[in-house]
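Using the hints, put the two standalone chains together into the complex.
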Amino acid sequence: MLSKKEKKLIKEIWERLTPVAEDIGSDALLRMFASYPGTKTYFSHLDISPGSAHLCSHGKKIVLAIAEGAKDISQLTVTLAPLQTLHAYQLRIDPTNFKLLSHCMLVTLACYLGSEFTPVAHAAMDKFLSAFAAVLSEKYR
Amino acid sequence: MVEWTDAERTAISTLWSNIDVGEIGPQALSRLLVVFPWTQRYFPNFGDLSTPAAIAANPKVAQHGKTVMGGLETAVKNMDNIKNAYAKLSVMHSEKLHVDPDNFRVLAECITVVVAAKFGPSVFTAGFQEAWQKFLAVVVSALGRQYH
Numbered sequence: 001m002l003s004k005k006e007k008k009l010i011k012e013i014w015e016r017l018t019p020v021a022e023d024i025g026s027d028a029l030l031r032m033f034a035s036y037p038g039t040k041t042y043f044s045h046l047d048i049s050p051g052s053a054h055l056c057s058h059g060k061k062i063v064l065a066i067a068e069g070a071k072d073i074s075q076l077t078v079t080l081a082p083l084q085t086l087h088a089y090q091l092r093i094d095p096t097n098f099k100l101l102s103h104c105m106l107v108t109l110a111c112y113l114g115s116e117f118t119p120v121a122h123a124a125m126d127k128f129l130s131a132f133a134a135v136l137s138e139k140y141r
Numbered sequence: 001m002v003e004w005t006d007a008e009r010t011a012i013s014t015l016w017s018n019i020d021v022g023e024i025g026p027q028a029l030s031r032l033l034v035v036f037p038w039t040q041r042y043f044p045n046f047g048d049l050s051t052p053a054a055i056a057a058n059p060k061v062a063q064h065g066k067t068v069m070g071g072l073e074t075a076v077k078n079m080d081n082i083k084n085a086y087a088k089l090s091v092m093h094s095e096k097l098h099v100d101p102d103n104f105r106v107l108a109e110c111i112t113v114v115v116a117a118k119f120g121p122s123v124f125t126a127g128f129q130e131a132w133q134k135f136l137a138v139v140v141s142a143l144g145r146q147y148h
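Listed in order, the protein sequences are those of chains A and B.
Quick note: the first sequence uses UniProt numbering, first residue 1, plus one each step.
Quick note: the second sequence uses UniProt numbering, first residue 1, plus one each step.
Looking at chain B on its own, in the form it has when it is part of the complex (with noise of 0.2 Å):
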């Protein structure tokens, strides 16, 4: 079981509370396809993901960053569970999606630039930044939880 501090959860709450997931999601997602061009390999149905004013223009993008993004409120609403709450979530990505799961790793650090950059330096403080870390952390473990 994961152990949170109140600071932890206070700090988590509210970044999460101050995220719209329609527009983080997006620009995260957008990032990790130019920040690491190679991630462009789950998206072959896309359509023009060929310069980074593409992306970032691509409406399939900007789609799935919002769903990705919002798939973070399971781990929000179960922060006690969020290895079992991801299972179903962790058999798809690895048995449908066939995604390497190295890559939740990478989009997670996107996650964290995108909201450094909204929230600047006094509220995305040295301390925010190590709950948020430590949150993405435990998701990015759970989805990678069901592979094998």
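For reference, chain A alone in the conformation it holds in the complex (with noise of 0.2 Å):
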């Protein structure tokens, strides 16, 4: 259950990301792929190096959905209605990828906000991040 303050600031934390979508996402995907390589098995038609404009741009489309669902974290069915479709039909990336992705966030965003990250924000973010996961998940059957 996410309290009020946490919804609060899991949206601030986005929205003062989103202009570096592109390095955070990029970021996460690179640990994602280094650590999990039965992901990179959903990535075969892209070139996922380090730096590549596919990596980027893949990057930076998830932290925007990401981001977008923060905004108002009580109307994640409705914000992830299209992505949920995407996912379940098309895509059909098993469901446990999710938590992959989500704890390489979790590192890069520690990467990156350094003693900010702090254990309160540690678990609203890892409480979204799996609601997150949890609503996408919910067309595939």
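Note that these hints are calculated values from the structure, not bench results.
Keep in mind that a hint or two might mislead.
[As the list claims (entries may be wrong)] Each computed DSSO-like pair below joins lysine-lysine, with the alpha-carbon atoms no more than 27 Å apart:
1. 99/A x 11/A
2. 99/A x 118/B
3. 7/A x 118/B
4. 139/A x 40/A
5. 99/A x 8/A
6. 127/A x 71/A
7. 40/A x 96/B
8. 4/A x 40/A
9. 139/A x 60/A
10. 60/A x 40/A
11. 134/B x 88/B
12. 134/B x 127/A
13. 118/B x 60/A
14. 118/B x 11/A
15. 5/A x 127/A
16. 134/B x 77/B
17. 61/A x 127/A
18. 40/A x 99/A
19. 61/A x 40/A
20. 40/A x 7/A
21. 66/B x 77/B
22. 88/B x 60/B
23. 118/B x 8/A
24. 88/B x 127/A
25. 99/A x 134/B
26. 83/B x 96/B
27. 77/B x 88/B
28. 77/B x 118/B
29. 118/B x 5/A
30. 40/A x 127/A
Since this is a predicted model, take the numbers as computed values, not measurements.
Now the structure itself:
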């Protein structure tokens, strides 16, 4: 359960990171590909080497979607409806991978925010990303 | 036997030589108790764990964090035999402490986040993260091995 304070904190963090969405997104993806090589199988049609155009644009896309969801967390199911359909019927990424990306996103946030990524912020973010992933997989079955 | 590349060994020793267990340990344990509050069940005698601030200031948490983090020294010194090096500790966590081994994985995650926050993206690269996580995963596995 996300408290009002936590929702506000999450919204603020993603607002601040929106201008560097590309850096944050590509960093998290690179970390995921390095630590969990199985995740690369979903990108065999793209060039996901460090600094590649595909990696940057994809990372940006993901972070902007997360930031959009963070704007009004109580409306996640509405905001993510099109992405739910995309993931369930087209992309069909195994939802266990959402956990892996979420973890790497937390590591990226820790790297960039340092001591500002307090235990309280970490807890809120972990809850938010779990909720995000759960909503994203709602149409799978 | 776990195979370590030279790059992985270098990453782990570089990180470890710059980690102060007295600094990182307490932060990692506090983070565990805040982010995953149900883990507090294992520390009924630690006193005030009611708020993140209380946890951060709690001397028992700090002391225990330092002890646990220091326990990784065994793995760093026995990289090619981590499984056996932790056999006794594994038995202890199972038979005496009754800790659900899933908690080792969760604590490892917290340690990784604290290390990432400390070192930043240019040191804690994707490659270093991979090596570090692999290292912790081996320790986690070794600690869970003697559970029956």
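Verification of the supplied hints:
1. At roughly 20 Å between alpha-carbon atoms, residue 99/A and residue 11/A fall within 27 Å of each other, so this suggested pair holds.
2. Straight-line distance between C-alpha atoms of residue 99/A and residue 118/B comes to about 23 Å, which keeps the hinted pair within the 27 Å bound.
3. Distance restraint check for residue 7/A and residue 118/B: the Cα-Cα separation of roughly 25 Å lies within the 27 Å cut-off, and the hinted pair is therefore satisfied.
4. Between the alpha carbons of residue 139/A and residue 40/A the distance comes to roughly 23 Å, so the proposed pair stays at or under 27 Å and holds.
5. Restraint check for residue 99/A and residue 8/A: the C-alpha separation of about 23 Å stays at or below 27 Å, so the hint holds.
6. Between residue 127/A and residue 71/A the CA atoms are separated by roughly 15 Å; this keeps the pair inside 27 Å, and the hint holds.
7. A threshold of 27 Å between alpha carbons decides the hint, and for residue 40/A with residue 96/B the separation of about 41 Å lies outside it, so the pair is violated.
8. The suggested pairing of residue 4/A with residue 40/A is violated, with an alpha-carbon distance near 36 Å, which exceeds 27 Å.
9. Simply put, residue 139/A and residue 60/A have alpha-carbon atoms about 24 Å apart, close enough for the 27 Å limit, and the pair holds.
10. Taken as a hint, the residue 60/A and residue 40/A pair is honoured in the structure, with Cα atoms around 17 Å apart against an allowance of 27 Å.
11. Pair hint residue 134/B plus residue 88/B holds up; C-alpha atoms about 21 Å apart against a cutoff of 27 Å.
12. Among the hinted pairs, residue 134/B with residue 127/A is consistent with the structure: their alpha-carbon atoms are about 25 Å apart, no more than 27 Å.
13. A distance of roughly 25 Å separates the Cα atoms of residue 118/B and residue 60/A; the hinted pair therefore holds under the 27 Å criterion.
14. Between residue 118/B and residue 11/A the alpha-carbon distance is near 24 Å, which keeps this suggested pair within the 27 Å criterion.
15. Annotation: proposed proximity of residue 5/A to residue 127/A holds, straight-line Cα distance about 13 Å (limit 27 Å).
16. Taking the CA atoms of residue 134/B and residue 77/B, the gap is near 16 Å; set against the 27 Å cutoff, the hint holds.
17. Only pairs whose Cα atoms come within 27 Å are accepted, and residue 61/A paired with residue 127/A is accepted, the gap being roughly 21 Å.
18. Distance check on the hinted pair: residue 40/A and residue 99/A sit about 15 Å apart at the alpha-carbon level, within 27 Å; holds.
19. Distance check on the hinted pair: residue 61/A and residue 40/A sit about 17 Å apart at the alpha-carbon level, within 27 Å; holds.
20. The hinted pair formed by residue 40/A and residue 7/A fails the criterion: a straight-line CA distance of about 32 Å is larger than 27 Å.
21. With a CA separation close to 18 Å, the supplied pair residue 66/B and residue 77/B stays within the 27 Å bound.
22. A distance of roughly 24 Å separates the Cα atoms of residue 88/B and residue 60/B; the hinted pair therefore holds under the 27 Å criterion.
23. With a CA separation close to 25 Å, the supplied pair residue 118/B and residue 8/A stays within the 27 Å bound.
24. The hinted pair formed by residue 88/B and residue 127/A fails the criterion: a straight-line CA distance of about 35 Å is larger than 27 Å.
25. Taking the CA atoms of residue 99/A and residue 134/B, the gap is about 17 Å. The hint holds against a cut of 27 Å.
26. For the given pair, residue 83/B sits about 19 Å from residue 96/B by alpha-carbon distance, which is consistent with the 27 Å threshold.
27. For the hint pairing residue 77/B with residue 88/B, the CA-to-CA distance comes to about 16 Å; that is within 27 Å, so the pair holds.
28. For the proposed pair residue 77/B and residue 118/B, the alpha carbon gap of about 23 Å is at most 27 Å, so the pair holds.
29. Distance restraint check for residue 118/B and residue 5/A: the Cα-Cα separation of roughly 26 Å lies within the 27 Å cut-off, and the hinted pair is therefore satisfied.
30. Under the criterion of a C-alpha separation no larger than 27 Å, the hint pairing residue 40/A with residue 127/A is consistent with the structure, at around 25 Å.
The structure does not agree with the numbered hints 7, 8, 20, 24 stated previously, though it agrees with the rest.
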